[in-house]
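Number of protein chains: 4
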Amino acid sequence: MKIGFIGLGRMGSGMAANILKAGHEVTVFNRTRSRTSELVAGGAKAAETIADACRGDAVITMLANDEAVESVVYDEQGVLASLPQGAVHISSSTIGTALAERLAASHIAASQRFISAPVVGRPDAAAAGQLFVIAGGAEEAIRDMSPLLDAIGQKTFVMSDTPSRANLVKLSNNFLIASVIESLGEALALIGKGGVDPGRYLELITSTLFAAPVYKTYGGLIVGERFEPAGFAAPLGYKDIKLTLAAADELRVPLPLANLLRDRFLTLLAADGGTLDWSAIGRLPARDSGQAA
Amino acid sequence: MKIGFIGLGRMGSGMAANILKAGHEVTVFNRTRSRTSELVAGGAKAAETIADACRGDAVITMLANDEAVESVVYDEQGVLASLPQGAVHISSSTIGTALAERLAASHIAASQRFISAPVVGRPDAAAAGQLFVIAGGAEEAIRDMSPLLDAIGQKTFVMSDTPSRANLVKLSNNFLIASVIESLGEALALIGKGGVDPGRYLELITSTLFAAPVYKTYGGLIVGERFEPAGFAAPLGYKDIKLTLAAADELRVPLPLANLLRDRFLTLLAADGGTLDWSAIGRLPARDSGQAA
Amino acid sequence: MKIGFIGLGRMGSGMAANILKAGHEVTVFNRTRSRTSELVAGGAKAAETIADACRGDAVITMLANDEAVESVVYDEQGVLASLPQGAVHISSSTIGTALAERLAASHIAASQRFISAPVVGRPDAAAAGQLFVIAGGAEEAIRDMSPLLDAIGQKTFVMSDTPSRANLVKLSNNFLIASVIESLGEALALIGKGGVDPGRYLELITSTLFAAPVYKTYGGLIVGERFEPAGFAAPLGYKDIKLTLAAADELRVPLPLANLLRDRFLTLLAADGGTLDWSAIGRLPARDSGQAA
Amino acid sequence: MKIGFIGLGRMGSGMAANILKAGHEVTVFNRTRSRTSELVAGGAKAAETIADACRGDAVITMLANDEAVESVVYDEQGVLASLPQGAVHISSSTIGTALAERLAASHIAASQRFISAPVVGRPDAAAAGQLFVIAGGAEEAIRDMSPLLDAIGQKTFVMSDTPSRANLVKLSNNFLIASVIESLGEALALIGKGGVDPGRYLELITSTLFAAPVYKTYGGLIVGERFEPAGFAAPLGYKDIKLTLAAADELRVPLPLANLLRDRFLTLLAADGGTLDWSAIGRLPARDSGQAA
Numbered sequence: 001m002k003i004g005f006i007g008l009g010r011m012g013s014g015m016a017a018n019i020l021k022a023g024h025e026v027t028v029f030n031r032t033r034s035r036t037s038e039l040v041a042g043g044a045k046a047a048e049t050i051a052d053a054c055r056g057d058a059v060i061t062m063l064a065n066d067e068a069v070e071s072v073v074y075d076e077q078g079v080l081a082s083l084p085q086g087a088v089h090i091s092s093s094t095i096g097t098a099l100a101e102r103l104a105a106s107h108i109a110a111s112q113r114f115i116s117a118p119v120v121g122r123p124d125a126a127a128a129g130q131l132f133v134i135a136g137g138a139e140e141a142i143r144d145m146s147p148l149l150d151a152i153g154q155k156t157f158v159m160s161d162t163p164s165r166a167n168l169v170k171l172s173n174n175f176l177i178a179s180v181i182e183s184l185g186e187a188l189a190l191i192g193k194g195g196v197d198p199g200r201y202l203e204l205i206t207s208t209l210f211a212a213p214v215y216k217t218y219g220g221l222i223v224g225e226r227f228e229p230a231g232f233a234a235p236l237g238y239k240d241i242k243l244t245l246a247a248a249d250e251l252r253v254p255l256p257l258a259n260l261l262r263d264r265f266l267t268l269l270a271a272d273g274g275t276l277d278w279s280a281i282g283r284l285p286a287r288d289s290g291q292a293a
Numbered sequence: 001m002k003i004g005f006i007g008l009g010r011m012g013s014g015m016a017a018n019i020l021k022a023g024h025e026v027t028v029f030n031r032t033r034s035r036t037s038e039l040v041a042g043g044a045k046a047a048e049t050i051a052d053a054c055r056g057d058a059v060i061t062m063l064a065n066d067e068a069v070e071s072v073v074y075d076e077q078g079v080l081a082s083l084p085q086g087a088v089h090i091s092s093s094t095i096g097t098a099l100a101e102r103l104a105a106s107h108i109a110a111s112q113r114f115i116s117a118p119v120v121g122r123p124d125a126a127a128a129g130q131l132f133v134i135a136g137g138a139e140e141a142i143r144d145m146s147p148l149l150d151a152i153g154q155k156t157f158v159m160s161d162t163p164s165r166a167n168l169v170k171l172s173n174n175f176l177i178a179s180v181i182e183s184l185g186e187a188l189a190l191i192g193k194g195g196v197d198p199g200r201y202l203e204l205i206t207s208t209l210f211a212a213p214v215y216k217t218y219g220g221l222i223v224g225e226r227f228e229p230a231g232f233a234a235p236l237g238y239k240d241i242k243l244t245l246a247a248a249d250e251l252r253v254p255l256p257l258a259n260l261l262r263d264r265f266l267t268l269l270a271a272d273g274g275t276l277d278w279s280a281i282g283r284l285p286a287r288d289s290g291q292a293a
Numbered sequence: 001m002k003i004g005f006i007g008l009g010r011m012g013s014g015m016a017a018n019i020l021k022a023g024h025e026v027t028v029f030n031r032t033r034s035r036t037s038e039l040v041a042g043g044a045k046a047a048e049t050i051a052d053a054c055r056g057d058a059v060i061t062m063l064a065n066d067e068a069v070e071s072v073v074y075d076e077q078g079v080l081a082s083l084p085q086g087a088v089h090i091s092s093s094t095i096g097t098a099l100a101e102r103l104a105a106s107h108i109a110a111s112q113r114f115i116s117a118p119v120v121g122r123p124d125a126a127a128a129g130q131l132f133v134i135a136g137g138a139e140e141a142i143r144d145m146s147p148l149l150d151a152i153g154q155k156t157f158v159m160s161d162t163p164s165r166a167n168l169v170k171l172s173n174n175f176l177i178a179s180v181i182e183s184l185g186e187a188l189a190l191i192g193k194g195g196v197d198p199g200r201y202l203e204l205i206t207s208t209l210f211a212a213p214v215y216k217t218y219g220g221l222i223v224g225e226r227f228e229p230a231g232f233a234a235p236l237g238y239k240d241i242k243l244t245l246a247a248a249d250e251l252r253v254p255l256p257l258a259n260l261l262r263d264r265f266l267t268l269l270a271a272d273g274g275t276l277d278w279s280a281i282g283r284l285p286a287r288d289s290g291q292a293a
Numbered sequence: 001m002k003i004g005f006i007g008l009g010r011m012g013s014g015m016a017a018n019i020l021k022a023g024h025e026v027t028v029f030n031r032t033r034s035r036t037s038e039l040v041a042g043g044a045k046a047a048e049t050i051a052d053a054c055r056g057d058a059v060i061t062m063l064a065n066d067e068a069v070e071s072v073v074y075d076e077q078g079v080l081a082s083l084p085q086g087a088v089h090i091s092s093s094t095i096g097t098a099l100a101e102r103l104a105a106s107h108i109a110a111s112q113r114f115i116s117a118p119v120v121g122r123p124d125a126a127a128a129g130q131l132f133v134i135a136g137g138a139e140e141a142i143r144d145m146s147p148l149l150d151a152i153g154q155k156t157f158v159m160s161d162t163p164s165r166a167n168l169v170k171l172s173n174n175f176l177i178a179s180v181i182e183s184l185g186e187a188l189a190l191i192g193k194g195g196v197d198p199g200r201y202l203e204l205i206t207s208t209l210f211a212a213p214v215y216k217t218y219g220g221l222i223v224g225e226r227f228e229p230a231g232f233a234a235p236l237g238y239k240d241i242k243l244t245l246a247a248a249d250e251l252r253v254p255l256p257l258a259n260l261l262r263d264r265f266l267t268l269l270a271a272d273g274g275t276l277d278w279s280a281i282g283r284l285p286a287r288d289s290g291q292a293a
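Chains as they are written, first to last, in my numbering: chain A, 1 to 293; chain B, 1 to 293; chain C, 1 to 293; chain D, 1 to 293.
To be clear, the hints were calculated from the coordinates, so they are not data collected in a lab.
From a predicted model like this one, the values you see are computed outputs, not experimental measurements.
A few of these clues could be false.
Copies of the same chain look alike in the list, so a pair counts if it fits in one copy or across any two.
Computed cross-link-like contacts, DSBU-like style, restricted to lysine-lysine with a CA-CA straight-line distance of at most 30 Å [unchecked claim]:
1. K45 / K239
2. K216 / K155
3. K239 / K21
4. K216 / K242
5. K242 / K2
6. K216 / K239
If we strip away everything but chain A, and leave its shape as in the complex, we get (with noise of 0.2 Å):
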C-alpha cells in the first residue's frame, strides 16, 4: 500500500519503520523534519507538508496530544482537507474520546473512513515492530489496513466497530498503570517504613501473584527512585488521567481512584516534577508518610 505517516517521536518513527520493512510504500512528514533521515535512508519520501503525506491509500497519526491531532486534521491544508475520498485515516495517539468521535464524524461527512488504533508498549516495542494494537472502527476498514496493524505489533484487538471506544480501552488501560504504580508506592511506603527491605519485598510479590512485567517495571522504578530520564513523562500521564476522567464524566461515571491519581500527578507537578517518569508519583505516599525527600 501507499501510505503515509504523520508524527515521527520514540513512538511513530518505530512504527513507521517496521511499515517501511513491512514492503509499503511510505511517505513521513514531521513537524521537526530532520527526524525524518533516518527513514529517508531506509527507502520512506520525506513530505513537505501534510497534504502531500495524505495521497495515499491510508494515512496514520501518531501525536502527543489532542491539540497536535486537532491541529493536523482540521488545518486548512491538513488530514481532512486533503486525503483521498476512500482512504482511511488511522488514529494511533491516546487522545480522548470526544475527539475521536468528532474525527469520525468529520471523516464520514468527507466520504473518507477513520479507525483508531491506540497502542500500547514502549518506545522499544514499538522499534521491534512488537506492539499491542488496539483497533475500533468499521470491520471493512479495519480488515483493509490489517496488513499495517500487523507491520506495527504482534497482535491486534478489535474492540468495537465504534472508532472512539478503543480510545475509551486505550485510557482505561493506562489507568490501570496508573493503579499500579499507587498501590505499590502505598505498599512500599507502608512496609518500608515498617522496616521490611524494599527489594526483597519487591521480589516476593513479583514472584508470587503479582508476576506481570507492569509490577516488576514499576516496582524496580520506585524503589530505586530512577524517575530521570522519563519513560513516559508525568505530563503525559496527568493528560492520560484527565481524559479519562473527561470521558467519565461525559458518561456518568464516578472513578475516585482516578481523582485520586488525578491529585498525585498534580502534587508532582506542583513541586516541579515535570520532567519525571510518571512513576514518580509512587515515591509521593513515602513523603507523606515523612520518609526521604
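Given the coordinates of chain A, assemble chains B, C and D onto it according to the supplied hints.
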C-alpha cells in the same frame, strides 16, 4: 518432628495434611471436633485440648482472626502456658502487627520461640502444598522449622528477623489484591457504560500488560458477577484492610487507596453483602454509575 | 446611566428590577422574550437583539453557564461586536476563570472595559437587592459602575484588579457550600444510624458552633429530604465543582475534597437525580450506609 | 450536692471552679497534685485518692482520652469500685462510643447511675461557665444532675437516653469542625495560588454565608499560620477522627471525608507536627500545591 496443629479450616486442614504426608508426627486440634476425622484417618492424633497439641517441638496456629489467636494463645491452658521451653510457635494466621509483636514478646518471656509465617494462596494451593510462605523471626528458628515450611509451601520468603514484619508484608499483599479489584471495578464500569464488551476487554488486558493470575481471577469474578459462594468472604477482606490501616496508623503512613477500600467494604457490608466474595466490591463502581443493581 | 441587561432568569430578573428602581434607563434582553414583560411594565425597554441591549454605558450579563456567555458575547452581532468603545461589560454569571480571562482580553482588544461581578445569594436576595457582589477589574471601572453594583447588592467586595479572580472566589464559595453539604450528609448518616434524632442534632449544631445560615438551610433540606423543587439544581452544582477543578488544574492545586464532591454529583446524576436540588448529594452517605433508599 | 471532680486540665479546672461557685461541695482529684491548689484556695477539698473523690452524690470525670478514663474507672480503687449505689458518674471526656457503652453497662451492673455529658467549647468558655453540654442517659439521672450541668454550661442539649449517643454526637461535632478546616484549607490554597489576597477573601466569606465563629477562628489561624501554641493539639484532633471512624466502622457507615481528615492528620504527624494546633492540617493543601513550606 513432633508437632501440633491448631485450626483446621479450609486452609489449615490442607496444610496439616501436607505436614503429615511429609512424615511428621502431627497432633491436631480444632474447636469443632468433627473436622479432625479426615486427618485422623490419615494418621494424625486428635487432641482433646489445646494443651495436648502443645507437647512437641512446635505448634502451628492457623486461625480466622486476632481474637481467635489471642484466645488460643493466652487461655489459661493455652499455647503460651503449655508449650515447652525452646519449642516454637509458628503463627500462620493473617493477624495484625500489634498482636504479632505481643506474641513475640510473650513467647520470649516464656523462653519459647516464635515465628510468623503467614501464607499466600487459596485453599486449593494449601491442599497441594503449593502455598508461598512469608516468614519472619530469628534465623535459627526459621531454619529449624524449614522442613515444616517446605511441606506447606512451594517457596519460603524470609523477610525479617522481626516476626511482625512478615505479618505487615502479608497485610500489604492483601491490600495490593484489593487494589487490583478496585481498579478493575472502576475500569470495567467505565468501558462497560461506554459500550465496550467487558469480556473482550478482559481478554485484552490479561493477555498484554496485566497478564498476571490476579487480574484474570478477579476480572472474571467481577465481569461474571460470580460472588457466591465466597472464596474469600468480604468480612475477611474488610478485616485485612482494617489491620493494614491499623499498622499504617501505628507507623504514621497515610494510605488513601486503603481508605477507599475500607469504604467500599463498609458500603458492601452495610448493604448486607457479608456472604459475598470480597471481589464484590468491584461491582460497586458500576452501581454508582447507575448500571445494574 | 443607560444600561443593558441580558439574561432574565430567576436571578437576573430581580437584579434588573432593582437597577430600574434605582433610576437607571434599562434595556433588557432575554432569549425567551416573554420574560421581559414584567420589567417592561416597570419601565424597561425590551431589546429585539443582543446588539440593541449594548448601546449604553454598560451591559450586564447574567446567564446560566459558560456556553451561554460565550454565545452572547462572541456572536457576530453579540456584545463584543456591539458595545461602544469605553463602555463596560459587567459579567455576573458564575463562569470559569478561563472564560473570564478570555473575555477580559477580548474587551481590552476592542477598547471596551470588562469587570467580573458574580454574586452570592438566592433568588429572594436578588429580588430584594440584598445580594453580595464579588467584584474584580480595573479600579476605575468598578468605581464607575458602583451605582449599579450598589443597586443589586447590599455590599460589594472588591477582590482584585484582575477580573477572573472574582470568578475564582465565587467558585471557591460554592465549593465551600458543597463541602458543608457533604460534611452534614456524613455526620447525619452517622448519628442517624447510631440512633440520634436528626432534628434534635441539627438544632444542637446550628445553635452552637455552626450557627450560620448555610448549616441551617442545608441541614434542614437534607434532614427533611426536601430536594424538590430545586432551589439550585444538581447539574448547576456539578458544573460549578467542575469549573473549580478546572481552575485548580490550571493552577496546579490538588483539591481532594472537590474530587469527592465531583463524584457525589456524578453518582446523583447517574441515578437520574438531575432535577433535584444540589443538597441531594447530602443524602448519599445515608444511602451508602444502607439507610433508606 | 456533694460531688467529686476528677481531671483538672485546662477544661476540667474551669468546670470544677464553676461548680464550686454554684455552691456545691467539691472534692477534686488530679494525677498531678499541684493542679488542685487553686481550687482548694477557692474552697474545694483535695482528694488523696480517686476513691476519696467518689464518696458523694456524683463524680465528674474530664480526662484526655479513653485510656485515662478506663484507668480511672476500672482501677481496683477506681470510680467503679468506690462510687456508692445510686450515685452518678458523669463522664464529660471526649471518648469513644464503645467505651461509653462499656461504662454504662458496668455502672448498671454495680447499681450506680451513668450519664455521658461531653461539652463543646474551648478553655475560656469552660472558665466562664459558657460551655454547651451534650447529655445522654436516663431522664431521671440527667434531671437530678441538672444543677451541675447548668453550672458548667450555658445550655444542655439532651440527645438520648442512651449515654453513648451523646458521645457519638460530640465526635460528629469535632468531625464537622475538622471538615471546616479542610474545606477552608483547600479554598485558601486555590484562591491564594490564584493571586487573591487571603485576608480579604476571609473577610468576604465570614461576613456573608459563612458568618459563623468556626470559620472566623479557623480561617484566621490558617491564613496567619498561627499553629503554636496549640489551642487543641493535632494528636487530639487525630484521636477524635479515629474515634469517629471507629464508631462508623461499628455502625457500618462509610465516611470518605473523615478518611481524608485521618490522612491529613497522619501526614502532619509524620512530619513532626505533633505540637501544632489541629488547624495546621489546613495548611497541607497549600503545601501540596507547591506553595510555601
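### Broken hints, by number
Violated: hints 1, 3, 5.
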